[in-house]
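**Student:** Chains A and B are the protein sequences, given in the same order. Numbering-wise, this note's numbering puts 191 at position 191 of the first sequence, and it's gapless, one number per residue. Numbering-wise, this note's numbering puts 38 at position 38 of the second sequence, and it's gapless, one number per residue.
No lab work stands behind these hints, which were simulated from the structure alone. Please note: incorrect hints may appear among the correct ones.
Put simply, identical chains are the same to the list, so a pair is met inside one copy or across any two.
In the EDC-like style, the derived pairs of lysine to aspartate or glutamate whose C-alpha atoms are separated by at most 16 Å in a straight line are [as the list claims (entries may be wrong)]:
1. Lys240 x Glu65
2. Lys199 x Glu149
3. Lys35 x Glu222
4. Lys181 x Glu25
5. Lys24 x Asp361
6. Lys395 x Glu345
7. Lys199 x Glu88
8. Lys63 x Glu73
2 protein chains.
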Amino acid sequence: MAFLYLVSPSERLTPAYHRFARIKETEDISIFQAKGRVLAKDIYSSENIPPLPRSTVDGYAVKSEDTMGASPETPAMLLKIGEIHISELPKEKIAPGQTMYIPTGGILPEGADAVEMIEYTEEIPPYVEMYRSVAPGENTVQPGEDIKEGMLLISKGTKLHARHIGLLAYAGITTVTVYRKPKIAIFSTGDEIVPPDTKPGPGKMRDANGPMLKSLFADMGEILNVSPTIIPDEREAMEKALKEALETADIVMLSGGSSAGTRDLVVSVIESMSKSEILFHGLRISPGKPTIVAVAGGKPILGLPGHPASCFVSAKLIGTNIVEYISGSDRQTPFVFIRGVMKTEVYSKPGIEEYLRVKLDFSTSPPTVEPMITQSGITYTLAMADGLARIPPEKEGLSAGEEVEVMLL
Amino acid sequence: MAFLYLVSPSERLTPAYHRFARIKETEDISIFQAKGRVLAKDIYSSENIPPLPRSTVDGYAVKSEDTMGASPETPAMLLKIGEIHISELPKEKIAPGQTMYIPTGGILPEGADAVEMIEYTEEIPPYVEMYRSVAPGENTVQPGEDIKEGMLLISKGTKLHARHIGLLAYAGITTVTVYRKPKIAIFSTGDEIVPPDTKPGPGKMRDANGPMLKSLFADMGEILNVSPTIIPDEREAMEKALKEALETADIVMLSGGSSAGTRDLVVSVIESMSKSEILFHGLRISPGKPTIVAVAGGKPILGLPGHPASCFVSAKLIGTNIVEYISGSDRQTPFVFIRGVMKTEVYSKPGIEEYLRVKLDFSTSPPTVEPMITQSGITYTLAMADGLARIPPEKEGLSAGEEVEVMLL
């Protein structure tokens, strides 16, 4: 058994959020297309559900007072005057001493205020014997008990899940007003980066970050078809790409710039954009340290690290929360950490929150956490890892047997 | 801070799994479409990455032996014979006593076996002073260190995440063979059920389960356009719908049958299908108890409860794992539970694993768990709940202040 807790690495971003513009444009879509979308208007119910009292069991509709004191020894004996069918309004009323068969979901006949479960009855025509007393309202649903007319069903800012969509369908609401999806522009930068479908020349490498980021954010927004997707380390090319992207995108992400020189170029190009400001330059996390968070005219610009593992951690810890924020969602998806025990000791730099790629062994309790050898196989170990073990900034490492928090991947 | 652990409610299903046919048909798709799909073939690397040794820092390429004993007091003094550009094969070799500037990612010139970081150097043309000794291989990546030719990159049965797609792109693999998505047929049954866009007549209610289930499984398979989607409680109609669905679908889900009579009909109709068998009838969970798990010619048939909350719990705990299994995935997505403390006491039936809809208050540590009043608002409370609190079968309830496990929604 693994013990988990929640953290919100977005907390460090909270002071920056008010600088980002949230999506305001809305669209009306079918509930069948609405999963994962963010509601742009409060939704109220326009009716009582159920509109009439119903039975929640198979049994007999009764006046509860007629069953008072009923027991197997002294059963109540009621006259059966008919049967209620599930999709019909009952034709008869119940008078004192009378009863009618009622199925689950059947509408209570006038005069009845409760239902005796079939398990506690025996039919002895034309009577029904009842072996248990029922209280007023027992085994029934009252009008509006599931949904009351005029009640707030789902509030603005809610990210719609399957169960919300079930509720909307139940309430007869088949079209909802949601915020449009954020448009996300994703670039990879660097003279050394070539597209995945090419053979890299000397000193070149294929673009891992672009495809990874596009997959990571595919469910959260509309990934724009930017061209080119790979920008060389040249001021003019980068300025042109960023300027064009800011015209249509709601958020721009650039990965790369692993060398200090390129990072400086990215910073300087961002600063040259209209109404721009660098909000952070460098985060106290590793990998993920060389992350730039900026804004231009309310649009977030993320300068993500070039190393794939670093890019992934930063995109996951910082990027997803920013995209959720601009989407209009009023709740951040929490990150889930489990608690495990280190198999071997590791060292880390104090002052930095370190995320080690680890394998987890769930056959022990708590699970055993084994750091992967991360010097080699940067991209490979990231793909193979079960989680990211967090070493808090105040620590200089973890010893074998020590407790550790691991973010599940 | 909330403490969490993992459970696999699928364990109870494990003995049934071998009865279900897994998808065998495959398709080749672009990695850009591959997120969430299950790999149908092992993927091996066809090359060394990097193909040549590279620097991991900005600095100077050196013969490590030339830096032996170097310190700020006794620096090594090397002759700078040139600069390496990031996307070029070095033109010169390094002889003893020589060095070249090298950027991060630059290819090591012949003769060099390490890189001195720029931070520990000073250029005094034509020499470079170095204040630190480096070990052979230091600050370099060796050929194949990230990915070795012939190594297994990702194994068959892996559900592809963003980081796998990054790895594939990096390795130059842009097309992957995946299992086709499972085809899922979803029906709602019951004379009382009407489509969401209609006004229910007496004793009728709108279909919540159909839209909810379609949303829940939308990411996991292809939801078939079955017609009709709502089947009345009639043997012939149900037989026809189920038989037709089994011709194309890989898994069939029917919700409804809240009354014992309808459940019996569903069971009897399933039994009338070719090569069919009921594997379970009733699960020891609440809500979710009246769940039927069956198989017909290797295709799972799920008879889910009619109550939306019951249907949701059963679909989530049982349905998602069965769909994952037939998809070819070799790993089940674990359910995540957090540990909280009950705000009020609740009662439950012993022998049943009960899932209460609850609100969570994260302002306390561990979070406070407040049961929602579930007699009313069955559909509404499900949509509004933050989680499902689990009362183990051996308990008769939980007292205020007692620890409880909550599945996050």
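**Student:** Hint by hint, say whether it matches the structure.
**Tutor:** Checked hints:
| no. | hint | verdict |
| --- | --- | --- |
| 1 | Lys240 x Glu65 | neither (82 Å within a copy, 46 Å between copies) |
| 2 | Lys199 x Glu149 | between (64 Å within a copy, 15 Å between copies) |
| 3 | Lys35 x Glu222 | both (15 Å within a copy, 15 Å between copies) |
| 4 | Lys181 x Glu25 | within (9 Å within a copy, 34 Å between copies) |
| 5 | Lys24 x Asp361 | neither (45 Å within a copy, 29 Å between copies) |
| 6 | Lys395 x Glu345 | within (12 Å within a copy, 41 Å between copies) |
| 7 | Lys199 x Glu88 | between (71 Å within a copy, 15 Å between copies) |
| 8 | Lys63 x Glu73 | neither (20 Å within a copy, 101 Å between copies) |
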